[in-house]
Amino acid sequence: MKPIFPTTLLLVEDSPGDVRLTQEAFRDANQDVHLHVAWDGTEAMAFLNRQGANLNAPRPDLILLDLNLPKMDGREVLARIKEDENLKTIPTVILTTSEAEADIDQSYRLKANCYLNKPVELESFEALVKSINDFWLTKVKLPQQRQVG
Amino acid sequence: MNGEHVKTILLVEDNAGDVRLTQEAFRDANKTVDLRAVSDGVAAIAFLKREGIYVDAPRPDLILLDLNLPKMGGHEVLAFIKNDDGLKMIPTVVLSCSDAEADIVKSYQLQANCYLTKPGLLDAFETLVKSMSDFWLTTAELPRQRQIA
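Protein chains in written order, with the numbering used here: chain A, 1 to 149; chain B, 1 to 149.
Think of the hints as simulated: they come from the structure by calculation, not from any bench.
Treat the hints with care, as some may be off.
[Said to hold, decoys possible] Cut-off 20 Å, straight-line C-alpha distance, at most; resulting in silico cross-link-like pairs (PhoX-like, lysine-lysine): (1) B:88 x B:106; (2) A:130 x B:130; (3) A:139 x B:106; (4) B:106 x A:88.
[To be verified] So, partial list: chain A residues that the calculated Cβ filter (under 7 Å) puts toward chain B: (5) 109; (6) 130; (7) 131; (8) 143.
[As the list claims (entries may be wrong)] Reference listing, derived: stretches of chain A covered by chain B, where coverage requires no fewer than 3 residues with Cβ under 8 Å from a Cβ of chain B: (9) 97 to 105; (10) 113 to 121; (11) 133 to 141.
All residues carry an ideal CB built from backbone N, CA and C; glycine is no exception.
With these hints in hand, go ahead and build the complete structure from the sequences.
Printed below as a string of structure tokens:
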């Protein structure tokens, strides 16, 4: 059964260039993706908890989370998502330039579903977005549970 | 620092045919992996905890877990792994015949890293194993910590 809804992604990323590239790469890979952007950790939590201007925010099917973010760090966002009974089932993929062992291990300990290293070169970045689409949005069964709370 | 070591995969699967097909799919995908298979949940825990005949078992880099298993079910094995401080970091991929939403959501609640449905057709099964191994063994960064804490 194909999902009836388009796939909703939340990208938590503070670099406008990376946001733009991710949007373009998903547009090329999959027309049925609705990509929402949160520019810092606080905004990401407000989106997920439907606070303030996010009252009608959709529940994302997948979260792409950078680690180094203003206001609230990606590690903190990850910890909050995975401690929340309602949000913890949303697969959360770390997408960061950091290759540090400490960041990889800490992210898995904080229950990241997967850790991906953001390549610097444009073509590699596009290939990575394509493989996220091909694996997470095509092969993986995501939880379809739509309601929040 | 870690260099390239051969990745160890623990396959928890009671169907001998599926074990064979998984081995062959890895071989066809040209992946040099050290694939270890156990056929029930109790053996999976013993392997991971290095108990009994598994005293010299390697720490897996990735776990492929079926849900319907004799002795101890896959959800129980998953809960054990994700509640154990030494094991929780190991990415655990559920690979099950079940397409039931309840099984999918419960697996994510128990912190499965991702959920894949085993297709019935041989070709589709091979394709799935190939894309799973491409993604997890090539694209994703796996935890670096090698020792069991």
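So, going through the hints one by one against the coordinates:
Our distance criterion of 20 Å between C-alpha atoms is met by residue 88 (chain B) and residue 106 (chain B), whose separation comes to about 17 Å. Taking the CA atoms of residue 130 (chain A) and residue 130 (chain B), the gap is about 16 Å. The hint holds against a cut of 20 Å. Only pairs whose Cα atoms come within 20 Å are accepted, and residue 139 (chain A) paired with residue 106 (chain B) is accepted, the gap being roughly 18 Å. Distance check on the hinted pair: residue 106 (chain B) and residue 88 (chain A) sit about 11 Å apart at the alpha-carbon level, within 20 Å; holds.
Look at residue 109 (chain A): its Cβ gets to within about 6 Å of chain B, closer than 7 Å, so that hint holds up. About 10 Å separates the beta-carbon of residue 130 (chain A) from the nearest beta-carbon of chain B, more than 7 Å, and the hint is not met. Because the beta carbon of residue 131 (chain A) sits about 5 Å from the nearest beta carbon in chain B, less than 7 Å, this interface hint is met. Among the interface hints, the one on residue 143 (chain A) holds; its C-beta lies about 5 Å from the nearest C-beta in chain B, closer than the 7 Å criterion.
A stretch counts as covered by a chain when three or more of its residues have a beta carbon under 8 Å from one of that chain; for the region 97 to 105 of chain A and chain B the count is 4, and the coverage holds. Here the region 113 to 121 of chain A counts 5 residues with a CB under 8 Å from a CB of chain B, which clears the bar of 3, and the coverage holds. Counting residues of the region 133 to 141 of chain A whose C-beta lies closer than 8 Å to any C-beta of chain B gives 6; at least three are required, and the coverage claim holds.
Going through the hint list in order, the structure does not satisfy hint 6, though it satisfies all others.
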